[in-house]
Amino acid sequence: MKDVTFGQYYPRDSFVHRLDPRMKFLFLIAYIVAIFLATNFYGLAVCTAVLIAIIALARVPFGKVLRSIRGILVLLIFTALLNILFVDGETVYAQWWIFVITREGLLFAGLLSLRLVLLVLCSSMLTFTTTPVALTDGVESLLTPLKWIKLPVHALALVMSIALRMIPVLMDEVDRIKNAQRARGADLDRGGLMHKIRTTIPILVPLVLSALRRADELGDAMDARCYMGDKHRTKYKKLHFTWRDLLAFLVGAVLITGVVLLRIYLPAPF
Amino acid sequence: MKAIEFENVSFCYEESGAFSIRNLNFSVEQGEFVAVLGHNGSGKSTLARLSNGLLEPDEGTVSVFSRRITSKNLYEVRKDVGVVFQNPDNQTVATIVEDDVAFGAENIGLAREEIGRRIDFALRAVGMEAYRTATVARLSGGQKQRVAIAGVLALSPRVLILDESTAMLDPRGRREIVDVVTRLNKEKGITVLLITHFMEEALLADRAIVMNRGDIVMQGTPREIFARKEDLLTYNLSLPRISVICEKLRAGGMKIQDTLDVETLAKEIAACVS
Amino acid sequence: MRIVAEHLSYTYNEKSPFETAALHDVTLTIEEGEFFGIIGHTGSGKSTFVQHLNGLIRLPASLKHAKKHKAKKGQPLPPAPVLKVGEFDLSDKKTDFRALRRHVGMVFQYPEYQLFAETVRDDVAFGLKNFSEKKLTEEEIDSAVCAALEVVGLDFDELKEQSPFELSGGQKRRVAIAGVIVSRPEILILDEPAAGLDPLGKKEILELLHRLHREWCKTVVIVSHDMDEISENCTRAAVFSEGSVKYVLPPKELFRRTEELTALGLDVPLTAKLCAALRARGIDVDCDFTTEDFADKVLAYAASHPKKEGDA
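Protein chains in written order, with my numbering: chain A, 1 to 270; chain B, 1 to 274; chain C, 1 to 312.
Everything labelled a hint here was simulated from the structure, so no lab data went into it. Mixed in with the good hints there might be a few duds.
Calculated lysine-lysine pairs in the DSSO-like style (CA-CA distance at most 30 angstroms, straight line) [as the list claims (entries may be wrong)]:
| # | chain 1 | residue 1 | chain 2 | residue 2 |
| --- | --- | --- | --- | --- |
| 1 | A | Lys178 | C | Lys252 |
| 2 | C | Lys135 | A | Lys196 |
| 3 | C | Lys160 | C | Lys134 |
| 4 | B | Lys79 | A | Lys238 |
| 5 | B | Lys248 | C | Lys202 |
| 6 | C | Lys134 | C | Lys94 |
| 7 | B | Lys229 | C | Lys252 |
| 8 | B | Lys72 | A | Lys235 |
| 9 | A | Lys196 | C | Lys129 |
| 10 | A | Lys178 | C | Lys84 |
Bound conformation, chain A alone (with noise of 0.2 angstroms):
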């Protein structure tokens, strides 16, 4: 577990590593709109080649970032059967009880599933190629209007900072206590959830405490580095765009514009 950095940044000099976070976000951004826009499979198609094109330009292994589908697996099967067997329409191949397919049902859920499947895969591209302090950065810059507003954007993006600073040393704790426990006897991999629930107390109770005990430690530690909120603070990492940045936006652009188009001048298949 010690090994497992949060937000699974997978280490490459790639040309979208080196892109800026802020394009990244703004990209992604225009991916998920793209991928509504699409109503039909030839946008959904240039979607998907745009995609493969981006794990083959970030050179991560294809089965790693096929890997991330499986956090929405049950949910992708749930709504695709939902699909199948509920959605009613004109050609009807078999019909049972309430339940009836038919070709809608069967091409809406292929539509309905191969967007949550993008939609996955091209987030989990984001954390793969960036790193969380880039991520932090750019959310911070993203959001800079914002404290027109008078919201604490400096105060957000360092919470944000210092939990994924700290998620991987809490999760390297949780393992650890749970391991102690375990040792103990505690039976944590079994049984109803009743007994889940009272499992949890033995682990959650020392994991609290220890959370307690680390932020205050940070606390000292940040005051003791003259933290004084944004009041007189400078920036090391300045985010610059170049070149990469702008080819990222015309691929952003042209992708939207591609899938609107497809929209208007090809059929929808019902």
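The hints should help you fit chains B and C onto chain A, whose structure is shown.
Only chains B and C this time, still in chain A's reference frame:
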């Protein structure tokens, strides 16, 4: 010039009501290397927190370079007095080494180029320049503590306090930290206050202080301190193992001078036999 | 109970850029009744090894092992890993791991951070209740907790209703140890039992471990990087480095290898350093590297090689 000066300082944590530090007077000269010894709960960590305004004394005054610490000048004081704490995992705010080292320098509003120079200097001073873009979580305990020291050095402090910063490290990590700190003291003239309960670490200091129940009970060169064996034991401290051996050999009739150095003791033994 | 490990290997984060071999072909036997030491740097594999001993890290199933290695043709199949603790075969999936854990107590680093219950009594009783086959009566629990607290040097009547979080650092650690030994394990494994304690606390914990070894648990295994701790206390010690076992020897023989250990980046006890410095001056002191024995042997040497009159 006195780098840190305590005058009649008392402090107690609210919950317990018992004095953690009682009517303490002591000072550290600029450029000095002072080791503070004491068992757990003797008040030595409170001393560190009082020295840069993390805690405020109930009575008395704490001054840093002749400036009395008040709530108004904390910022200036903390630029001068850097503290490194015990747990290597609880001191870093960023995931990447250089971002963490930059944190303090950013806080005091330095220009970008200057921050870059400070990072270079600080990482080189602790021998971690090769790890500039490494992930903090993947470093060893000793390396994490060296990054923590670098994070403090980026503020160019004149005093460095290590509050049991070696307690959670393995022997290799401990040696790394003691080496770095000794070098900073000798080469850069940084005043060092090393708080520890490892007797061996105190050997390198110019002066050692023993604390017990919030009071300074012994003071002198490490050699003088370790010569007062019975006193050390009453304050729940143990002798360095080498002193125990000297003692035993003397009790067995060999004429051995007290020493803290392996080679010197071997020489002494060799002189006693044919 | 004897611990037998053969050809044990383990890899963290297999098939990722962070893949690291934690153990590589480890073969090691720990006899019943030993006070065994395990030495090595952080990351040498020593913690991974001891976590195997009570099934917190499982061996790969034997079938999987064969399959994994069949892929490489032309190479002989590496010997299958074996791990046995007494009667328990840890490579067998059907092994009752909870029963195993009752017999193999494990005290982790900074065990005081695992305390969670409202009272000292409840915290110590946690393991006892978990491991018990039947429901214990309050009297049975009281008497077992009382005995466990007593052997770690704490007073049951004084502490039973107290919150464990209000105790001093040293007391907390004792309560945590009591919470492990309360189910009377035959083997007790401790990872850096003295870490973070002041000199007096250290001394007391080691005395406690010897008391436990005499009166409570047949075998004690400590993981430590304090060489003096190993040389003063252990019957034998294993040196781990980069996932492999380099030496398994009694301290008396192990610390003669000052140069080899230093080459591995490890420290040696002070007595070993002194012996090396004396040897360089032509004085051979054959001791078992405890402070006591070193002083005795030096005095004996001085008696048999008295300084002649007139020697400078």
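**Report entry** 30 angstroms Cα cutoff - pair Lys196/A, Lys129/C
**Finding:** The hint holds at about 17 angstroms.
**Report entry** Pairwise hint evaluation, Lys252/C against Lys178/A, where the allowed Cα distance is 30 angstroms at most
**Finding:** violated, 38 angstroms
Requested in this report: Verify the proposed pairing of Lys72/B with Lys235/A, using a straight-line Cα cut of 30 angstroms.
Outcome: Distance ~25 angstroms between Lys72/B and Lys235/A Cα, so the pair holds.
Requested in this report: For the pair supplied as a hint, Lys229/B and Lys252/C, confirm whether the alpha-carbon distance does not exceed 30 angstroms.
Outcome: Answer holds: Lys229/B to Lys252/C is near 29 angstroms, not above 30 angstroms.
**Report entry** Proposed proximity, Lys94/C with Lys134/C (alpha carbon, max 30 angstroms)
**Finding:** Given that 30 angstroms is the threshold and the Cα spacing comes to 22 angstroms, the pair holds.
Report task. With a cut-off of 30 angstroms on the C-alpha distance, tell me whether Lys248/B and Lys202/C pass. Result -> Holds. Lys248/B to Lys202/C sits at ~21 angstroms (cutoff 30 angstroms).
Report task. Below or equal to 30 angstroms on CA atoms is what counts here, so check Lys160/C against Lys134/C. Result -> With a Cα-Cα distance of about 23 angstroms, the restraint between Lys160/C and Lys134/C holds, given a limit of 30 angstroms.
Requested in this report: Would you check the hint for Lys79/B and Lys238/A, treating anything up to 30 angstroms between C-alpha atoms as holding?
Outcome: holds, 24 angstroms
Requested in this report: Assess, step by step, whether the Cα of Lys178/A is no farther than 30 angstroms from the Cα of Lys84/C, and give holds or violated.
Outcome: holds, 24 angstroms
Query - Distance restraint between Lys135/C and Lys196/A, which requires alpha-carbon spacing of 30 angstroms or less - result: Holds, at roughly 19 angstroms.
Violated hint: 1 only; the structure is consistent with all others.
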